[in-house]
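Peer 1: Those protein sequence lines, which keep their order, are chains A and B.
For the first sequence, my numbering assigns the number 235 to the initial residue and increments by one for each residue that follows.
For the second sequence, my numbering assigns the number 235 to the initial residue and increments by one for each residue that follows.
Since the hints were made in silico from the structure, they are not lab data.
Do not rely on the hints blindly, as some may be mistaken.
A pair holds if it fits inside one copy or across any two, identical chains being indistinguishable in the list.
[As the list claims (entries may be wrong)] Heads up, simulated EDC-like pairs for lysine to aspartate or glutamate below, C-alpha to C-alpha not over 20 angstroms straight-line: (1) LYS261 <-> GLU309; (2) LYS261 <-> ASP243; (3) LYS344 <-> GLU306; (4) LYS297 <-> ASP243; (5) LYS261 <-> ASP302; (6) LYS344 <-> ASP302; (7) LYS282 <-> GLU337; (8) LYS261 <-> GLU301; (9) LYS282 <-> ASP342; (10) LYS326 <-> ASP342; (11) LYS344 <-> ASP243; (12) LYS257 <-> GLU309; (13) LYS344 <-> GLU309; (14) LYS326 <-> GLU301; (15) LYS326 <-> GLU337; (16) LYS257 <-> ASP243; (17) LYS303 <-> ASP243; (18) LYS303 <-> ASP342.
There are 2 protein chains.
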Amino acid sequence: MDNKRKNKDFNPYNCGVTHFLNKVGGKWKVLVIHGINNGYNRFSLLQKAIPHISKQMLINQLKELVEDKIIERTEFVQIPPRVEYHISAYGKTLLPVILTIQEWGLKDMKA
Amino acid sequence: MDNKRKNKDFNPYNCGVTHFLNKVGGKWKVLVIHGINNGYNRFSLLQKAIPHISKQMLINQLKELVEDKIIERTEFVQIPPRVEYHISAYGKTLLPVILTIQEWGLKDMKA
């Protein structure tokens with residue numbers, strides 16, 4: 235995991251776009267955040283919301299998002315055990331950006 | 235190339251975020267568009283602006299962005315031949331989204 239993320243802070247020109255992509259770039263993270271924000275806050279719900287993501291990829295993305303303090307993982311000690319994710323206060327700063335992304339997508343789909 | 239992009243239109247729930255990510259998701263495309271928009275409009279200039287992208291990856295990203303009509307490729311017949319890229323009218327619809335991304339990045343870098 236560490237090895238996979240070795241370039242995650244590489245930003246030689248202090249570029250804002252690079253910084254964003256280092257945090258949540260790639261094919262999945264923005265979608266995972268968007269899913270959790272829309273109530274798909276458990277692993278099985280996220281798998282339904284994002285049917286084309288593999289199980290291992292979803293595990294990795296959630297782990298990295300937790301590491302980066304963008305989402306938080308809460309484990310409920312009950313039988314059967316239950317784990318929920320929610321967006322952290324820091325992660326919520328991304329929501330207006332994701333809204334802009336969504337608006338572009340919806341508009342472009344109609345075009 | 236076709237094989238690599240086989241899922242690029244997969245969007246079972248007509249999700250705006252998925253649509254955006256299908257178009258320009260991944261680690262590089264937004265950065266390539268941002269570079270071209272800031273005057274790094276030739277292959278060698280983009281390599282300097284994005285030093286951590288491999289040559290083959292940059293070739294692929296440019297090819298896909300041209301295929302998707304987000305950028306345009308102009309070949310100047312001269313010696314030595316020269317190729318320039320610029321953002322298409324369609325691609326320009328992405329610039330406000332990229333600006334929002336950049337603003338988040340710059341703000342988060344200061345935090």
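Peer 1: Compare the structure with each hint and give your call.
Peer 2: Hints versus structure:
no.	hint	verdict
1	LYS261 <-> GLU309	neither (27 angstroms within a copy, 31 angstroms between copies)
2	LYS261 <-> ASP243	both (18 angstroms within a copy, 13 angstroms between copies)
3	LYS344 <-> GLU306	neither (35 angstroms within a copy, 23 angstroms between copies)
4	LYS297 <-> ASP243	within (17 angstroms within a copy, 27 angstroms between copies)
5	LYS261 <-> ASP302	both (17 angstroms within a copy, 17 angstroms between copies)
6	LYS344 <-> ASP302	between (35 angstroms within a copy, 16 angstroms between copies)
7	LYS282 <-> GLU337	neither (22 angstroms within a copy, 32 angstroms between copies)
8	LYS261 <-> GLU301	both (18 angstroms within a copy, 19 angstroms between copies)
9	LYS282 <-> ASP342	neither (24 angstroms within a copy, 31 angstroms between copies)
10	LYS326 <-> ASP342	between (25 angstroms within a copy, 12 angstroms between copies)
11	LYS344 <-> ASP243	between (36 angstroms within a copy, 14 angstroms between copies)
12	LYS257 <-> GLU309	neither (24 angstroms within a copy, 35 angstroms between copies)
13	LYS344 <-> GLU309	neither (40 angstroms within a copy, 32 angstroms between copies)
14	LYS326 <-> GLU301	within (16 angstroms within a copy, 34 angstroms between copies)
15	LYS326 <-> GLU337	both (17 angstroms within a copy, 15 angstroms between copies)
16	LYS257 <-> ASP243	within (8 angstroms within a copy, 25 angstroms between copies)
17	LYS303 <-> ASP243	within (15 angstroms within a copy, 31 angstroms between copies)
18	LYS303 <-> ASP342	between (31 angstroms within a copy, 13 angstroms between copies)
The structure does not agree with the numbered hints 1, 3, 7, 9, 12 and 13 stated previously, though it agrees with the rest.
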